[in-house]
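The chain contents come next:
There are 2 protein chains.
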Amino acid sequence: MKKWIPAAAGLVTGLMAATVFFADFSPGPTGEAAKDTANKSNAEKVYVPFGEKDDYYLFASGGHSGQMFIYGVPSMRHIRTVPVFSPDSATGYGFDTHSKEMMGGYTWGDLHHPAFSETDGDYDGKYMFATDVGNSRAAAMNLETFTVRDIINVPNTSGPHCAAFVTQNTEYMFLPTRFAVPIGSEYADLDDYSTKYRGVMSAVTFDQNKEKLNIAYQVALPPWSYDLSDAGKKMSADWAVMTTYNTEEATTNLEINASQADRDFIVLFNWKELEKMVADGQYDDVTGQKMIFPEKHKGGIYLVPVAKSPHGVDVTPDGTRFIASGKLAPAMTVFSFEKAFAAIEAQDFSGERNGIPIINYDSIVEREVNPENALGPLHTQFDDKGMAYTTMFITSEIVKWDPNTGETLDRVPVQYSPGHSVAAEGDTVAPDGKYLVALNKIAKDSYLSVGPSHPESMQLIDISGKMEVIQSAPVNPEPHYAQMIKADKIKTITVYPKDEKNPNATYEQDKTKIVRNGNKVDVYGIAMRSKFIFDSKAKRPDTIEVNEGDHVTIHLTNIDFDQDITHGFAINGYDLNIEVQPGQVNTVEFVADKAGTFPLYCTNFCSALHQEMTGYFLVKPKK
Amino acid sequence: MKKWIPAAAGLVTGLMAATVFFADFSPGPTGEAAKDTANKSNAEKVYVPFGEKDDYYLFASGGHSGQMFIYGVPSMRHIRTVPVFSPDSATGYGFDTHSKEMMGGYTWGDLHHPAFSETDGDYDGKYMFATDVGNSRAAAMNLETFTVRDIINVPNTSGPHCAAFVTQNTEYMFLPTRFAVPIGSEYADLDDYSTKYRGVMSAVTFDQNKEKLNIAYQVALPPWSYDLSDAGKKMSADWAVMTTYNTEEATTNLEINASQADRDFIVLFNWKELEKMVADGQYDDVTGQKMIFPEKHKGGIYLVPVAKSPHGVDVTPDGTRFIASGKLAPAMTVFSFEKAFAAIEAQDFSGERNGIPIINYDSIVEREVNPENALGPLHTQFDDKGMAYTTMFITSEIVKWDPNTGETLDRVPVQYSPGHSVAAEGDTVAPDGKYLVALNKIAKDSYLSVGPSHPESMQLIDISGKMEVIQSAPVNPEPHYAQMIKADKIKTITVYPKDEKNPNATYEQDKTKIVRNGNKVDVYGIAMRSKFIFDSKAKRPDTIEVNEGDHVTIHLTNIDFDQDITHGFAINGYDLNIEVQPGQVNTVEFVADKAGTFPLYCTNFCSALHQEMTGYFLVKPKK
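Protein sequence lines, in the order shown, are assigned to chains A and B. According to numbering that gives the first Met the number 0, the first sequence is numbered sequentially starting from 0. According to numbering that gives the first Met the number 0, the second sequence is numbered sequentially starting from 0.
Looking at chain A on its own, in the form it has when it is part of the complex (with noise of 0.2 Å):
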């Protein structure tokens, strides 16, 4: 049983020349008769009537989008797009200051694993976290308002991937990096890539109070690939699990060049001790971080052996196992943790990499499941009853199988070419079984054609019993990873409360004023339906009447403390739009450097009035 399951015949070469297999697809009786019997209770099972909620949020990654696509579980309906890493002017995100600071002057982002705050290894609804490949960096969503509240720049780690997962009290979340840079993004010849590349994992954390994510330290890792990852639970609550690919260490043409080995790693790593090495001074400071590097500061890392290319691993919902899935090599691999730990005490290793000890896979593998004709293995997700649910990416299909035995339990077709899937709580210590969405890549011919360029699709499947697709749902590009949790664990906020000490707040129309300062403006407005208010004593209290040139900074708050009354401000010709939602307070800073007349007005509507709800930016040329 323990033995090295080669990459299936033919598989990479044929994965190169782009031919990818699909499962047959049986849609069953079609048209009329469809309607009529199997399908009918599938049409229930989605629909949630209206007076009625849905059971479960699901939040997405919306990858090179740079936003979080949020839906409703089971009617999979798109409910709210919330911005993360690229701006969003229905929101006025990256326009206000406050966002637009975030941003950091960057206008894109690739965001992939969204991953919820826990307590207990249990989703607590507090904070959604992610991270941006595009331009390194990772976010925090507070969940009253869903709205992001801070975001930081992850040096050193380029395209932090697999990540966010957090602990399982959200210690901290842990961004291994897809691509190997020289520390500090310095320019090297690729010639030297084994030498001054690094893949460096960076350990966040966040402080619920400020609002604030801080890097604690980062592991100068081998220069490889780091994808899938996952934080244990319970008996392996102090240990993380990140797999490799490219441990090749190829420079070009990956494709050929990363397949060549036939194993990867699992990096296995206690975070606890990481985090007393650092306490214990055991890192260098290197461009501004803490930075541990195993060859010379020993311990608490590990590698672990396994079939070539892994995409996943994931860690079971009672912490005693890790799953690796192999995507060029047609496994699932079920490592024990005590028989890690076991090895770890033992030193039982069969040599290391970059000073990093490799333990002896024969000495803490469990098995190796191979369900026939099952290929491109690639995550994996539980239920209620500890049963794995994997992504097989090349025949289009989700299988179910028992960990404890291997034994293939289910499989259903799905389309097309799943990369993730998500169960419902399904990263927690008790996940709910019932729905499992499987986040497929190609669309191909499911929905309405949109021209070339095609949604991507996720299909609810019931896993109550046997599993069936009941709804497929186009979507935007590009999900990778997503979460799903229970709706009643989420407590949004309607209106934002007074802030009596915020300076910027004006609750009151006759505390509304502009105030002038050399060639600063400052407009202390209030925005109510169906009028802005930016000095109640002038003339035309809706007017704001500035110098070209001059530096303008307006503050707006929504005095309307009533739900879902959402006021917008745009200028005309100004390019600008911000947002105040109920009770909030926003600022906009820009430099009037176009004179003439610029209608000012609501763009998010609110009142039978809205349309009326208009003035104008006066922009006095120069002389």
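Fair warning: there could be bad hints in the mix.
Below, simulated DSBU-like cross-link-like pairs (lysine-lysine); rule was C-alpha separation at most 35 Å, straight line [claimed, not checked]:
(1) A:Lys443 / B:Lys497
(2) B:Lys622 / A:Lys195
(3) A:Lys433 / B:Lys52
(4) B:Lys384 / B:Lys338
(5) B:Lys519 / A:Lys593
(6) B:Lys443 / A:Lys497
(7) A:Lys443 / B:Lys209
(8) A:Lys195 / B:Lys621
(9) B:Lys99 / A:Lys622
(10) B:Lys593 / A:Lys289
Since the hints were made in silico from the structure, they are not lab data.
With chain A held as given, fit chain B onto it using these hints.
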């Protein structure tokens, strides 16, 4: 019958106090009972099982998101967001040279009414047009590819609001201004509003061969706000109608001051006559535009008095009538085109405003329709039998009525505050009946909460029998108007055809090259599963090396001529991402202003080895 309907008692006051009345919502049987009885059939009506497709495309304006939202009907699934006026990193829109140039330096737009191109008064499925209220632009989207092909700035028309609407063979779309500004947007004191400000309407043409928009002429109307508009059909095909508000010419606190007069106007104009006036030189050259001043160039434009502050005016499918809805007067007023033509012929005028004759109301009105307790009529759509469906913003309902008799036929509550509604093929000479979608401004508690700012809500109404809401779909901010087209009318392409004449295209690997000329570097590269090739003869064909400060232009051709194989191209940390759809050639241009090592990678999932589709962008530092 021919009487003025005053605003409902206390209505204006009530609105200003921000009191919005909602129709009682009776959700009927709830919970399990509901699923077993009444709602079962609705679930089936909207469920589109895998293997089948939706019957209609719904194109909804994305408001201040600047984008267009594409939905399938009846499933009401969101299929795609197509970027129009705001950048979208998911598709590289605003990043590649073509879209960046089209965006004209603007970073957002406020996309209002969408309009399909028409042939013989029927949607022909070729193009979709839209306007930007935020930065005064117009755009044309090609429906073979669902991509925007042209955007133009529309000077003098500040906030082309309730456009685009097209004439029955897409000869013109007319863009009425929402905001009056001085011509050229020059600075002018608001005390001089009535003399120096103007409400300019723009007549825009679209050349389908060149895919270019053009402003044919403009009309300097009085300084009022112009709202919903419609083109004539059949017997009225040479005509168009637009509503107005703020004919009071108020310059502050419009919620009160623009609601004083009991009557505003419909602008009725003959575009064939205006076209002829332009051909005859009856215009002034102003700001580079051919501008008709009605006080100087007489004819072709008339005013029709209508109950105060109308929002909507809609031409019946048979082209014989236009129906105005007064948002502050609880009436739909039905006018006869035939009578209007007779009145114009007879010069049956009751006066003039700003040199434009006012047609005698009594001479052309057919009836005023005032359904009991229905308040806030905004917009009317039609079914296949010519019956009218009007949204009631204040009482949150759709009222079905007969334009021939004024009889109320049916009413259905919607949740909440519908602005517009859209019927299947609703703006054509032959609407389909079957479906109507209410575009509701307020969702309140309809969906899982996503914080203080709620989604909007679209509700699908089955109008084949007694009206019934059969599905509710949350939607991102913020649909204003939408159009719904039969799915089989849109013929998309699957891949971009080879264009051997395109000097930027590279279809063969051995023709890839990197050309240096001084500090200008041009890359002619290929994207294919699963690698980039920038120079096939180089040691590392997937690496681009330049010097700090170089001006870099990367042309990328996707040589995967296969359905749904889109590649992305990003350089980590360099804040850029473009997309190349199957067969497409695309270009990105930038200055390499940061020295160092920057991974480049495919951002759009493409194959099992997508993760390996990477390379490096190396920037040698200046010495």
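Original post:
Straight-line Cα separation of lysine 433 of chain A and lysine 52 of chain B no greater than 35 Å?
Top reply: 27 Å, holds
**OP:** Please work out if lysine 443 of chain A and lysine 209 of chain B have their alpha carbons no farther apart than 35 Å.
**Re:** Judged against 35 Å, a Cα distance of about 30 Å means the pair holds.
Original post:
Are lysine 384 of chain B and lysine 338 of chain B close enough, with their CA atoms no more than 35 Å apart?
Top reply: 23 Å, holds
**OP:** Would you check the hint for lysine 622 of chain B and lysine 195 of chain A, treating anything up to 35 Å between C-alpha atoms as holding?
**Re:** Measuring from Cα to Cα gives roughly 20 Å; hence the hint holds.
Original post:
Straight-line Cα separation of lysine 195 of chain A and lysine 621 of chain B no greater than 35 Å?
Top reply: 20 Å, holds
**OP:** Would you check the hint for lysine 519 of chain B and lysine 593 of chain A, treating anything up to 35 Å between C-alpha atoms as holding?
**Re:** Holds, at about 33 Å.
Original post:
Is it true that the CA of lysine 99 of chain B sits at most 35 Å from the CA of lysine 622 of chain A?
Top reply: 34 Å, holds
Original post:
Is the hinted pair lysine 593 of chain B and lysine 289 of chain A satisfied, with a Cα-Cα distance of at most 35 Å?
Top reply: 24 Å, holds
**OP:** With a cut-off of 35 Å on the C-alpha distance, tell me whether lysine 443 of chain A and lysine 497 of chain B pass.
**Re:** Roughly 21 Å separates the two Cα atoms, so the pair holds.
Subject >> Agreement of lysine 443 of chain B and lysine 497 of chain A with the hint, judged by alpha carbon distance not exceeding 35 Å >> reply: Answer holds: lysine 443 of chain B to lysine 497 of chain A is near 21 Å, not above 35 Å.
In terms of the numbered hints stated before, the structure departs from none.
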